[in-house]
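Participant: Sequence:
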Amino acid sequence: MTSKKKGSTGRQRIRMAKIEKESHRLVAFSKRRAGLFKKASELCTLCGIEVAIIVFSPAKKPFSFGHPNVYSVLDRYRNNTSFQQQSKRLENTETRNELSLVLSKVEEEKKKGEAMRKSSEVAKWSVEEMSLLQLQEMRSALEELRNTMMVPPSFINTMSGFYNSSYVHAFS
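In this text, residue positions in the sequence shown follow numbering that gives the first Met the number 0: the first is 0, and each later residue adds one.
Mixed in with the good hints there might be a few duds.
Restricting the straight-line Cα-Cα distance to at most 27 angstroms, the calculated cross-link-like pairs of lysine-lysine (DSSO-like) are [claimed, not checked]:
1. K60 - K17
2. K117 - K104
3. K17 - K38
4. K38 - K60
5. K20 - K60
Here are the simulated distance ranges between beta carbons [unchecked claim]:
6. E41 - R12: 18 to 26 angstroms
7. A114 - R75: 56 to 64 angstroms
8. L100 - E143: 35 to 43 angstroms
9. S71 - L45: 17 to 25 angstroms
None of these hints come from the bench; they were simulated from the model.
Small disclaimer: the values here were computed from a predicted structure and weren't measured.
We put the CB at the ideal spot given by N, CA and C, even for glycine.
Input sequences plus hints: build the corresponding full structure.
Facilitator: If you want it as structure tokens, here you go:
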């Protein structure tokens with residue numbers, strides 16, 4: 000008979016959720032904090048970088064790790080002009096893009112306005128210079144426009160009375 004040796008269950012996968020028991024949470028924090036600081040130290044040694052890590056325990060106690068030290072890394076971060084210049088360049092690029100978009104819209108509107116001005120110059124009609132056939136065509140076009148716009152006939156009749164008044168004739 001061979002006896003089976005009872006072993007451990009091995010390394011188990013931990014679900015990513017807040018640990019409910021406070022004592023278990025404190026133990027997990029201590030172990031993982033040590034692991035995090037060890038990984039940061041290895042990264043500094045392997046890559047020759049400067050690093051700073053600040054964490055707060057569940058009991059609100061601060062813990063920090065820094066290479067060469069936390070304060071020098073934080074000072075360098077605060078005074079890093081290349082980082083500030085890069086962010087300003089990005090802001091300037093975004094501003095330039097917005098400005099060019101607005102300017103292109105302004106140019107489009109200017110072109111539309113110029114086209115409307117030119118069309119209004121071409122469309123000036125003198126009723127006295129029109130032939131009977133042209134007047135009839137104009138009348139049918141205006142009636143078609145009125146029907147398309149669905150303007151009540153009472154409004155049109157009111158306006159036609161205005162155009163027949165002596166006030167309008169005085170300026171023609």
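Participant: So, for every hint listed, does it hold in this structure?
Facilitator: Results of checking the hints against the structure:
Distance restraint check for K60 and K17: the Cα-Cα separation of roughly 18 angstroms lies within the 27 angstroms cut-off, and the hinted pair is therefore satisfied. For the hint linking K117 to K104, the alpha-carbon distance of about 20 angstroms falls within 27 angstroms, and the restraint holds. Distance check on the hinted pair: K17 and K38 sit about 23 angstroms apart at the alpha-carbon level, within 27 angstroms; holds. Restraint check for K38 and K60: the C-alpha separation of about 21 angstroms stays at or below 27 angstroms, so the hint holds.
Pair hint K20 plus K60 holds up; C-alpha atoms about 18 angstroms apart against a cutoff of 27 angstroms. Our hint of 18 to 26 angstroms for E41 and R12 holds, since their Cβ atoms are close to 24 angstroms apart. Here the CB-CB span from A114 to R75 is close to 58 angstroms, well matched to the stated 56 to 64 angstroms. Separation of L100 from E143 is about 40 angstroms and conforms to the stated range, judged on CB atoms against 35 to 43 angstroms.
In this structure the hint that S71 and L45 lie 17 to 25 angstroms apart at CB holds, the actual value being about 20 angstroms.
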